[in-house]
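Q: Could you slot chain B onto chain A? The hints should help.
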Amino acid sequence: MMTRQSQRVMTLAGATAIALAGLLGQTSSASAKTHDIHMTAVESDIVIDGGGEKYAAWTFNGTMPGPVVRVTEGDTINFTLTNPATNKNPHAMDFHAAEIDFLKNYKAINAGETISYTFVAKKPGIFFYHCGAPPMIQHIARGMFGAIIVDPKDASVWPKADREYVLVQSEYFKNPGDVQAMFDRKFDGMMFNGGIFKYHPFVTGGGKLDAKPGERVRVYFVNAGPNEFSSFHPIGEIWDNVYESGNPANKLTGVQTYVVGPGSAATFDVVVESAGAYPLVTHSLTGALRGAIAVLLASPDAKPSTNLMPMVPWELPAKAK
Amino acid sequence: MPDRLTILLIGLSFVLFMHNAVRAESTHERVALMLSGPDCPSSQHQVVSALEQQPGVLRADQDLMPDHVLVDIVRQQVTEETVAVIANAAIGGGQCRAEIMKSCITAELPSHDTDPPRPAYRQAHSH
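Protein chains in written order, with this note's numbering: chain A, 1 to 321; chain B, 1 to 127.
Extracted from the complex, chain B is given alone in its bound form:
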């Protein structure tokens, strides 16, 4: 019959294994939200505050790009669509709209199935 130490070591190994497995699958992405409308300058702070409350959102930045909020997410925990919904809910009824910025410099590969497009170069790391 295994002693207490053995059970403890097995348990610890399992926890570490699961922890590393979760870490390995963690994929960070940045969602670029473009804010357009006359009320946006006064809404940006609310958007950032609301997003930073959301699990899976690592950081929301309103300073790097004008008229944008850049949101770093863990893809396994929150989707970019959810990020947009939260942002628009935070704006409320004002004349401002948050949209996911897509353009010719968006680095995504075409998808042949129902999966969302994936980045051509994906950062799949853990911290």
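Bound-form chain A, shown alone:
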């Protein structure tokens, strides 16, 4: 039989346990962050190739793709889109990472207006974001798209990456006013991160992506479309892992080529075993040979990379002598 003192100790222990549990719960929810993300629709020319070709783009914050948004699973995003009065067109924002009412939040706003909404990034992964103002096919083709990474709350659910890049594939139409050509899928070029052969060192003005042999390189890949499928393949390598929609729970192993449809995304891990060049391409060759080639160069001298999207924005090349 319990003494009065032992009953008191048990009561105290129970109360402490309940309080601790409550605190832990609070700690868990308190660890989730709130992000205030503000983007501006910018209608302006941007450079799309190493020759300095300019494109009459519509963008988020003046770059194509727009800025990478990075949050952690469970975080809250307070999003605001401003469409300046100087613009000529309505614009909108559709986050694929959000699970919210489309009618209220993704509606197009006119020039001079602002829209705000809030969502919680409940599922980890790599997600597309884009303008949904009509005609959506044109707003995406003209550059209103980007990527949002939702890191898993528990980082141990997948291997730690040594180096990370974001690649967003999209089609290029020479005449950005020709919506019929967009419906007819008559694209003139295929871009990674808003540039034709942007990471192809054998093409004028082209750069590369760097890595060291043995590093796990993680590529967060988004296909902005608006129409074409990407058949993403590392020449000279095999994807060690592919995560559909970038969710660690959706894990594939030893994949040569993985199809990412328009409006979809996946995360690709590759461990390059030896020094050399490993072109990352869409194996839909009409796209690859018109711009969608990114050469991953593995070298022991590779510098650390902190930029998820190198060469965005793509500046004009140096003046020729």
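Treat the hints as calculated values from the structure; they're not laboratory data.
Take the hints with a grain of salt, since some may be wrong.
Output of the computed footprint for chain A on chain B, the stretches with three or more beta carbons under 8 Å from beta carbons of chain A [unchecked claim]:
id, stretch
1, 27-40
2, 77-91
3, 94-107
Predicted model, so just to flag it, every value in this text is computed and none were measured.
Ideal Cβ placement from N, Cα and C applies to all residues, glycine included.
A: Chain B only, in chain A's frame:
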């Protein structure tokens, strides 16, 4: 009879027209030269120096890709074959050979005539 100012303006317009016409046709391309052989590391600098003397060569880079010299040219002024010839002449008799790099990521369309293959996406701009 036109006065001096009119003649000057007509002449200036003609010069500007011709200048713009030449600019519009100017096509920049990058030639990738792969250097292979044991003497190549000591020959790379000579290759770059020789190429940079050639009219039509805008820039020669030996740092972007290992074992390669990447040469930016104006296609109307120099051919990729000439670039290779100049590079091999600069190497001299050493054990090193410069070859135009062609691979599955070379972006060229097939040609049905005697013209050289053309890039599937061509940069045709001026600076």
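Q: State for each hint whether it applies.
A: Quick rundown of the hints versus the structure:
1. 27-40: holds (count 4)
2. 77-91: Three-residue rule not met by the stretch 77-91 of chain B, so violated; n is 0.
3. 94-107: Our answer is that it holds, as 5 residues pass the Cβ test (under 8 Å) against chain A, meeting three.
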